[in-house]
Amino acid sequence: MNKIFEVPLYPYEHSPDQDELTPVRRKVVVIGAGPIGLGAAIEMAQQGIEVVILDENDKVSFGSRAICFAKRPLEILDRLGCGHEMVEKGVEWDVGKVFFGDRQVYEFNLQPEDGHEFPAFINLQQYFLEEYLINRVRELQATGAPIEIRGRNKVSAIGTHPSHVTLEVETPEGPYNLEADWLIACDGANSPTRSMLGLDFVGRVFEDNFLIADVIMEADFPTERWFWFDPPFNRGQSALLHKQPDNVWRIDLQLGWDIDKEREKRPENVIPRLREMLGDEVEFELEWVSIYTFQCRRMENFRHGRVLFAGDAAHQVSPFGARGANSGLQDTDNLGWKLGLVINGQASESLLDSYNFERIHGADENILNSTRSTDFITPKSDMSRLLRDAVLDLSEHFEFARPLVNSGRLSVPCTYDGSDLNSADALNGPADTRPGSSCPDAPLDDGFLLPKLGGKFTLLTINTDAPDQIEVDGIEVTRLALNTGTDPNSPLKQRYLGDATSAVYLIRPDQHVAARRPTYDENLFHAAVRRATGKE
Amino acid sequence: MSTLTLTPNIDGADDFYADLLATHDGLSNADSGALNARLVLILANHIGERKILTEALKAAALK
Ligand SMILES: Cc1cc2nc3c(=O)[nH]c(=O)nc-3n(C[C@H](O)[C@H](O)[C@H](O)COP(=O)(O)OP(=O)(O)OC[C@H]3O[C@@H](n4cnc5c(N)ncnc54)[C@H](O)[C@@H]3O)c2cc1C
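These protein sequences, in sequence, are chains A and B. Here the working numbering is used: position 112 in the first sequence is 112, and no number is missing along the way. Here the working numbering is used: position 60 in the second sequence is 1060, and no number is missing along the way.
Chain A on its own, in the form it takes in the complex (with noise of 0.2 Å):
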């Protein structure tokens, strides 16, 4: 049986824009079709903004790439319209087992909090996400949505204007040249767009490999993470195993520096290592290695003009917290909306320089993160070492030690704080859901929270009255009316009023927190709404 990833899931098909002699102008191109491209197409898409997607290749990922979805984007996936398939096919997990040596040092259970539609992460190889991605885009286009994928089309050089963006497209027939008032630019860590346009993309490259390997086994190991410091099988490296579905276990191996990657990387040299590592009773079968060297970089900027830059071709971290895709699906979701209003003629184009700051800090979060948890992975000095060894050995015995072991932190939302489209935050409620924050989900007598804010400006009312509509330039926002109950422990009472009584919050398409106060006021909140798009 052919894997899924060795399928062309969109195959070459003659464009009539092929036909033209004058180069066809599209509203939105974007180029790569990897989990962001698709993400960024379908949501232009489900705004009824027309989109056209290009890449070079016309089959999903290779290989399993991202395996772990945290809760966030699992949400932003649900709007998009795949959440629910990714949670079904998905590994949940919960328990964590960290090795030191020969000897487990201890292990962890993530009790996920309570009162979310979505569990805090899940395993499933980037390949499935991918799949379900491309059947969306196929669903948009039977209903007849303005989305289109064009497989084995290369864009080959791109010319920027102020107006627009032109762009030339090889295809097995031959070159094409195409137009795009924007064009986002999803085309991985190796941009080609970003070179095409001369750009930088500065950080740090870690000086190590790791081989990544996903095996197929019939084996009864439990669901967990299971993560070595300095195994018997590696020593001095680190190890990694997690489990995908489908009995497909993903296996990272750390490498060092000098070593020949070619050689590493065929079968005969990976199989006596995870056979060390698995045991020689385990029976298993390779369906996927690579070797991989990490780096922690950005662009300076996301935005240049009428190209904007998301996921990896903006920023890359090492896997480890898992952030790559993660974040990217956060991108999207942040300029989706705003490049709709812009193209909708109802904020102007200066609305997209937030998306240049909100998703800058969101990628330096990141950045940060990785960084941290690869420092202490792969510890750069005998020194680091020497402290990294002692918070494991006290890890064994000691509770307050357990915290410092670094193995990945896992990916959470960024704030937005000190984005220029919040208003001052004149509600006395909870940290967690001040204006930038994403908005916690919190079950309702008919659901979930989130399913009811997604893709459009909301107002929420808490246990108090506004209009059940306004309209500011153009611009809708409907209300969603809510109490808390009798409940003092209702997790909308502590997720959105704390120890308010009351409140309301404007809430963005991409569902994070513009502005909250315990009651309506009408120029206060036509304020609000005009400060997110850009216009205060």
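Hints are supplied without guarantee of correctness; some may be wrong.
[As the list claims (entries may be wrong)] Label-pair restraints from in silico Cβ distances:
1. N109(A) to A1060(B): 35 to 41 Å
2. A189(A) to A1044(B): 52 to 58 Å
3. E1055(B) to I4(A): 54 to 60 Å
4. A1022(B) to N428(A): 32 to 38 Å
5. D382(A) to D1014(B): 29 to 35 Å
[To be verified] Derived pair list, reagent style BS3-like, types lysine-lysine, alpha-carbon separation capped at 27 Å:
6. K1063(B) to K380(A)
7. K456(A) to K535(A)
8. K535(A) to K452(A)
9. K456(A) to K1063(B)
10. K243(A) to K265(A)
11. K261(A) to K3(A)
For the record, the hints were derived by calculation from the structure and aren't laboratory data. Yeah, the Cβ is synthetic: ideal placement off N, Cα and C, and Gly gets one too.
Following the hints, position chain B with the ligand against chain A.
Quick look at chain B with the ligand alone, frame taken from chain A:
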């Protein structure tokens, strides 16, 4: 809020110092280094307060 104590504060300072040395008795340099590292982490956790820890890091750097 408290500040880092940099005036004498240990009851029986000589005894403590002797205990510290005794704990290292017979250890190789590597093992002693590891012990010191563990000790630093234990004491840091006991103090807990980030501000004091920051002051202690500065004081230790003798700058
Ligand atoms: C080993 C490993 C483990 C990882 N684990 C995780 C994890 O657990 N969680 C997580 O969130 N992230 C993880 N990541 C990161 C994650 O895989 C990436 O962040 C994610 O794939 C980025 O998606 P993207 O859409 O930005 O880019 P990509 O997936 O790289 O897609 C770029 C697309 O652009 C296309 N393209 C490139 N050039 C052109 C061109 N000139 N013309 C047309 N098309 C072009 C390519 O064909 C490709 O389809 C991991 C990565 C690795 C390598």
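Checklist entry - Taking each numbered hint in turn, which are not upheld by the structure, reported in ascending numerical order? => result As far as the earlier hints go, 2, 4, 9 are violated by this structure, in ascending order.
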